[in-house]
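Q: Each chain is listed here by its residues.
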Amino acid sequence: MPILQVERIRKIFGEGALAVTALDSIDFTVNKGELMALLGPSGSGKSTLLLCLSLILEPTAGRIIINNEEIYNNGWTNVDVRRFRRENIGFIFQGHNLIPFLTTLDNVALVMTLNGVSDRDARKKSIEILEYLEIAHRADFYPSFLSGGEQQRVAIARAIANEPALIFADEPTASLDTERGFKVMELLKRIAKEKGSGVITVTHDHRMIEGFDTVYELRDGMLVK
Amino acid sequence: MDLAIKDISRHAGKFIATILGVGLLLTIVFIMNGIYRGIIADGVWLIENTDTDLWVVERGRGGPFNEQSRVRMDMYKSVQATPGVMQAGPFIVYAVQRELAGKSQQFSIVGYDIAIGLGMPGRLIAGRQITASHYEMVADKKLGLQLDDKVRLGVHDYRVVGITKGAVDSGGNPLIYLALPDAQEVLYQMDNQAIYASRAASLQRLLNAGLSQEDAERMLPLVSPPVDTISAVLVRLRPGEDPQLVKDLIEKWLYLSVFSSDDEKNLMLEGRVKRISIVLGTFRILLLVVSIVIVALIVYVLTIEKIKSIATLKLIGASNWVIIRLILEQTLLLTISSFLFGYTMAVLLKVSEKFPRTLYFLPFDTTSIFLIMLVGGILASGLAVWHALKAPPALALGG
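Line order of the protein sequences matches chains A and B.
Under this note's numbering, the first residue of the first sequence carries the number 6, and numbering increases by one thereafter.
Under this note's numbering, the first residue of the second sequence carries the number 576, and numbering increases by one thereafter.
Think of the hints as simulated: they come from the structure by calculation, not from any bench.
Hints should not be assumed to be uniformly reliable.
[Claimed, not checked] Lysine to any residue pairs mimicking SDA-like chemistry, simulated, CA-CA at most 20 Å apart:
1. B/K589 with A/P148
2. B/K883 with A/K230
3. B/K883 with A/T219
4. A/K188 with A/K230
5. B/K652 with B/I691
6. A/K198 with A/H209
7. B/K929 with B/Q681
8. B/K965 with A/E222
[Stated by the list, open to error] Now the in silico label distances, taken between C-beta atoms and shown as ranges:
9. B/L924 with A/R88: 30 to 40 Å
10. B/H962 with A/R15: 27 to 37 Å
11. A/S123 with B/L964: 24 to 34 Å
12. A/R15 with B/V864: 49 to 59 Å
13. B/A592 with A/P105: 49 to 59 Å
14. A/S123 with B/V950: 51 to 61 Å
15. B/L964 with A/E136: 29 to 39 Å
16. B/V864 with A/R88: 12 to 22 Å
17. B/V864 with A/N73: 52 to 62 Å
18. B/G588 with A/R88: 50 to 60 Å
19. B/S927 with A/N83: 50 to 60 Å
20. B/R932 with A/S149: 17 to 27 Å
21. A/T26 with B/L946: 22 to 32 Å
[What the hints assert, rightly or not] Part of the chain A face toward chain B, derived, beta carbon under 7 Å:
22. I61
23. V86
24. R90
25. F96
26. N102
27. I104
28. F106
29. T118
30. V122
31. R125
32. D182
33. M227
34. V229
Glycine is no exception: its CB is placed at the ideal position from the N, C-alpha and C atoms.
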């Protein structure tokens with residue numbers, strides 16, 4: 006069952022003679038529980054594609070359908086886009102991007118409270134998620150007191166807290182050593198399998214994509230399977 | 576989840592330091608305001624306390640508080656004889672600096688006729704009024720004197736028979752009340768050397784005028800400087816009398832200037848108080864602006880420090896209101912906490928009575944400062960809000 010359909014996406018920056026085509030005719034589908042890896046050298050368009058899929062950058066042409074909802078074609082405002090992102094997409098960043106003034110528990114609970122879940126329920130569920138990811142013993146720690154691997158596990162906990170249909174992971178192992186990188190990838194595989202979210206991972210590192218369902222490579226804005 | 580509170584509790588030291596800094600600036604604003612109001616209150620207190628209808632002073636002078644006024648002592652009897660006058664009493668006031676209670680202190684001496692009672696001490700908190708015609712005084716608490724203390728002024732000792740609280744001149748200096756003859760003696764008392772020099776000068780003037788040595792020495796007592804002048808005559812009118820009529824009579828027949836108590840107050844406020852109020856007002860405005868700028872800068876810096884977190888919040892779907900609330904709440908907490916700290920410090924300073932000037936905090940002033948800080952802080956945080964809302968969510972992506 007497809008949860009993300011990308012149809013003939015194009016993204017052109019600038020106009021006329023200065024126009025640069027960053028993405029050209031991108032087509033792919035991600036199904037529930039599918040793990041997709043997106044490879045490509047710097048400047049290949051990975052970040053642009055991720056920004057488009059994250060609903061931050063509007064494509065010049067083409068359609069994005071998430072959970073059977075066509076984005077940008079319903080007269081949506083920025084508020085609608087942000088709400089949709091909040092309810093349907095989880096993010097894992099290269100630099101973890103945990104909120105430094107929130108504890109581990111609060112970082113995870115935050116995304117739920119943004120969706121209207123009460124503080125109490127959010128905290129209860131956050132503990133469960135942290136236990137699932139085996140990081141509950143660090144619930145009251147601030148990010149600066151966690152190791153890189155621990156921070157990334159908290160970031161994963163935050164990404165799955167709202168049980169999103171899609172999880173975007175932008176270079177999730179870039180700031181980790183190989184061993185911790187493999188552990189994070191194993192975790193993402195487990196989440197895709199057990200939670201049913203579609204996971205799209207952008208990475209440079211070919212070693213990390215073993216066991217992924219689909220692997221695409223971007224070359225000069227074109228997608229190659 | 577209250578992100579502002581979470582951030583503040585994580586960076587409590589930074590917030591407390593800011594609150595202390597801005598709060599102390601606001602303490603200065605409150606104190607300047609308190610001094611300004613205190614100057615007005617002090618300036619008119621002595622005028623109000625005398626409880627008279629008219630002030631008769633030297634012709635063409637705006638005395639006795641704004642400039643020196645010298646009226647012949649016996650003139651109060653002529654004023655007393657003016658139609659419409661119920662009571663007239665001599666009054667003298669002058670500033671001195673003497674050693675009192677073991678330290679050099681500046682204060683004003685008020686002399687009044689104790690039999691007539693016009694101009695007698697107010698705000699008596701201990702002891703009694705002066706009843707003896709000599710060598711008794713009523714002193715303000717600020718001078719550090721106690722009842723029955725003996726104080727040397729000039730060549731005599733004066734016994735403290737009453738203590739006042741808040742009896743001050745227009746400069747905020749405490750008052751000492753003496754019977755009129757004592758006050759005049761303290762004012763005009765000269766040491767032997769000064770008397771000798773004054774006599775020698777007067778004798779030389781008489782000799783220069785062509786008098787013989789014998790005639791000049793005989794005339795000398797007549798040309799000695801007067802020692803029985805007063806600053807003003809205080810007048811209380813008969814009930815129903817027209818003050819303007821009495822004023823005109825005194826000015827026409829006694830060749831003196833007359834002011835009502837309201838005129839005196841206006842002279843005081845327009846003269847001595849106006850300039851200092853402009854100075855204090857300027858400083859108050861500057862300090863308020865500085866306080867608001869500091870709050871704005873701190874909030875802006877705190878926002879810039881969090882800009883990646885704000886971008887992350889946007890990316891994970893936080894609404895603009897969540898971000899605006901984060902910044903506004905911090906601004907409000909900084910502003911309100913600084914205000915409360917500043918106000919508390921100012922009140923503690925006033926209550927401790929350690930501050931050398933009279934401080935008055937009016938609810939209107941306090942509310943105004945609060946509202947100015949609040950509105951100023953909110954407007955100033957607009958820049959931080961604008962910056963935060965402009966931060967692209969894409970900032971959260973990448974390394």
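Q: Name the hints, by number, that the structure is in violation of.
A: Checked against the structure, the hints that fail are numbers 2, 3, 4, 6, 8, 9, 13, 14, 16, 18, 20, 21, 23, 30, 31, 32, 33, 34, while the rest are satisfied.
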